[in-house]
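There are 2 protein chains.
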Amino acid sequence: VKDYKVIIVHGGGSFGHYWSVKYDMHTKPLPYPSEGVSIVHESMIKLNHMVIEKFLSHELKPFSVPPSSYVFNNLPCKDRILDLVSMTRKNDLIPVTYGDVVHTSDGNFSILSGDTIMNLLSTHLKPRYSIFTTGVDGIYDKLDNGGNLIPNISVSGGGNVLSHQPAIDNERMPFDVTGGMKRKMEESLKIVKEGIPVYLVNGFHPERLLDILNNRDFVGTCMRMEQ
Amino acid sequence: VKDYKVIIVHGGGSFGHYWSVKYDMHTKPLPYPSEGVSIVHESMIKLNHMVIEKFLSHELKPFSVPPSSYVFNNLPCKDRILDLVSMTRKNDLIPVTYGDVVHTSDGNFSILSGDTIMNLLSTHLKPRYSIFTTGVDGIYDKLDNGGNLIPNISVSGGGNVLSHQPAIDNERMPFDVTGGMKRKMEESLKIVKEGIPVYLVNGFHPERLLDILNNRDFVGTCMRMEQ
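Protein chains in written order, with my numbering: chain A, -18 to 208; chain B, -18 to 208.
Hints were generated in silico from the structure; no laboratory data involved. Take the hints with a grain of salt, since some may be wrong.
Same chains, same names: a pair is fine if it fits in one copy or spans any two.
[As the list claims (entries may be wrong)] No more than 30 Å apart at the CA atoms, straight line, and that leaves these computed lysine-lysine pairs for DSBU-like:
#1 27 to 3
#2 3 to -14
#3 42 to 3
#4 59 to 71
Put together the whole structure using the sequences plus the hints.
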């Protein structure tokens, strides 16, 4: 497992998401209130800082990479995204990037979610795996008690989900404003269509990540193109 | 004073500087040890976070801008630097940027000091003033007790200091690794040569900044081109 090169992406959770709801930054059109921009941005840096400190405390070598260093005017800058790879290759650093509010040249701001970043980095960098961790075990076929985890989802060339139809209800996640499971599914589909398998697993069970890396049976959902 | 548009630049102080000495990142050639890169970077984000929180506590609207969002491969990106201005014009946000260790495309890293950033932003943005705050009152004509503060320094077209020869001794500031007063003078000279007056004042007396902005007598050093 040590030989894997990893890039970490995190979202806003109770930090950025909470404040962007409070300042109405997802339902209102641009421009966002500048106080909101200021506070959402700072809350994300604070969360990133906590993540980085956790990595340092495990003697890992994280390197925080703000999205403003590789997304300009809402467009990904390929050269700068590739820099993340040279960072891992040459220095055994672990780039840690995150969803954030990013500035554009017209003086406006735009919210770039961690899920969008997952898509953006995956399609440019073509990793072996793209793994989303959430607070649930994966994608379920029913929302209520009695729903079953869908271990595999096959995607056709057109991007349609072939096997089970997953059940998604974002109305139940009022604070997960940048998209919740639905957004994760949408971004995952785009990644899968690039030929990269996507896993959705429960982040509270980190051993499941190791199961994936070691090709063992795992609890979670794997999405890939139909064979 | 409220009408002034301000961009804040801070250095590493006892955060980044301390660690970059500890990891020998100023005396050794590249590549820096990755543990040092990781820790210096994180210490600067931590310091920036503290600065931002202080601004927020005064109900100002800071917006942290990491140098990696406008310096690529050690070259300033003019468009991205101009974004800092649209940020202040359109949103009354205060961009807050800082010296840091920045990554380059070959997987290497480079230390970009706050003083260099002052020069880089000043020459691209042509501000009305460029003000360096330090822990001393300004530039002195002698290092020891009995030295006098030099209120004005005239600079000739060739960049030579005309009036007094300032006394600079960086040997006394072992931790101020990215250059101390000498570096501040060097960067100031470059800024002055662009026609922008540079002030060096004591940051422990913030009222002196107001004196400058209000065109009053002030305690500090002003450097400008000879008239």
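Hint check:
For a Cα distance limit of 30 Å, the shortest separation of residue 27 from residue 3 qualifies both inside one copy, at 17 Å, and across copies, at 25 Å. When the C-alpha separation of residue 3 and residue -14 is checked against a cutoff of 30 Å, the pair qualifies only between copies, where the shortest distance is 27 Å, while the shortest distance within a copy is 37 Å. For a Cα distance limit of 30 Å, the shortest separation of residue 42 from residue 3 across copies, 16 Å, qualifies, whereas the shortest one inside one copy, 34 Å, does not. Taking the shortest alpha-carbon separations for residue 59 and residue 71, both the intra-copy value of 19 Å and the inter-copy value of 28 Å come in at or below 30 Å.
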